[in-house]
Amino acid sequence: MAESVERTETESPAPEEESELVRRARKGDLQAYDDLVKRYQERIYATIYHMTSNHEDANDLAQESFIKAFQALKSFKGGSTFYTWIYRIAVNKTINFLKQRKNRTHMSLNDIDFNAEHDTDLIALISDNTPRRAAGLTELQKKLNEALLKLSEPHRLVVVLHDVQGQSHEEIAEVMNCNIGTVRSRLFYARQQMQAELADYLK
Amino acid sequence: MNENENNFESLKRLLAFKKREIPPPGYFNNFSSQVLLRIRAGEAREPVTAAERLFSEAPWLLKFLQVFEAKPAYTGSFALALCLVLVFGIVFAERPDYSASQPLVTTQVADNSTPLVSVSPASPISPAVGQIMLAPDNTNPASSLQPVASLFGQQDSLAQQASFTIPSN
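Chains as they are written, first to last, in this note's numbering: chain R, 1 to 203; chain L, 204 to 372.
Please note that a few of the clues may not be correct.
[Unchecked claim] Derived DSSO-like pairs: lysine-lysine, alpha-carbon spacing no greater than 30 Å straight-line:
id: 1; chain 1: L; residue 1: K215; chain 2: R; residue 2: K99
id: 2; chain 1: R; residue 1: K77; chain 2: L; residue 2: K266
id: 3; chain 1: R; residue 1: K143; chain 2: R; residue 2: K68
id: 4; chain 1: R; residue 1: K77; chain 2: R; residue 2: K99
id: 5; chain 1: R; residue 1: K68; chain 2: R; residue 2: K102
id: 6; chain 1: L; residue 1: K266; chain 2: R; residue 2: K150
id: 7; chain 1: R; residue 1: K27; chain 2: R; residue 2: K74
id: 8; chain 1: R; residue 1: K142; chain 2: L; residue 2: K266
In case anyone wonders, no lab produced these hints; they're calculated from the structure.
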């Protein structure tokens, strides 16, 4: 247990340890499930947040995803990693939610990390490469989220998982239950669409 | 594909900015405990409501209702269809000649040995009256024996004027 305390939350756990936690959680051990939640909460929340552009919705959906996963643990066969499995639950839940929420897009954006103001790459991108030199980070954040929300859910998901979360094509294909070619073509189309939307910021 | 990747380099740098959006400080400190709290609350909640039981046994019903939730136009269409069915039902129920226009019964009575009513072309009873009398759903003997047609001022062929002769002393 001391080993798991030392490990940062973003690191992937050893497979044996994860399977052991899953085994205990399946027997109703809530402490084990608490450890699993802590491992993946940030990534699950971030994915849902980037998909919805709404903190409150992301909070609700992330919690519900973990609750549903706990209730469905008995059906988890271990064919994929627990991480992929819970990701799939969260993604499906989010897509269902977005289908119901269609045409009711209300953004509730999180604050920008203070360190972003000192990100040289980002500052250069805003102040040097765009005609809108006065455009602040907040406006950029708003435009980015609006452009993302204009994508269809599968295209948005691919962009979020790949370009924001940094997942590989293979991992995304597994989460989305499609082949890698589909992931690539969706990513290409989504990027093209976003590039057109954000043309002012990319010149 | 590499060329495409290069084309999207600026976009990818811009999208990396999304990582900078972070939830309020300390948000994740309570996240897992809230999840566990809700799991425990769900486990403690023994009685399942009738609606939950119904939806768990018939998930198609939940999907059906969710269609209405997601598409208000469907709700309106469904309500309109129900109203139309209701209106047509009322209109057809109030039509007086609806039952008469149906082929009611053949003129054969089941048991010929008991001559309750026999309707034949030669019968003096008018066809309209005969039809009313033999309507299969009419179980009221009193109403079936009344010459209904006379209510509309027509001369009933069965009605005969009674004549009494008073014997003179």
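Here is what the structure says about each hint:
1. K215(L) / K99(R): holds (27 Å)
2. K77(R) / K266(L): Holds, because 26 Å separates the two Cα atoms, which is no more than 30 Å.
3. K143(R) / K68(R): violated (33 Å)
4. K77(R) / K99(R): holds (29 Å)
5. K68(R) / K102(R): holds (23 Å)
6. K266(L) / K150(R): Measuring from Cα to Cα gives roughly 26 Å; hence the hint holds.
7. K27(R) / K74(R): holds (9 Å)
8. K142(R) / K266(L): violated (34 Å)
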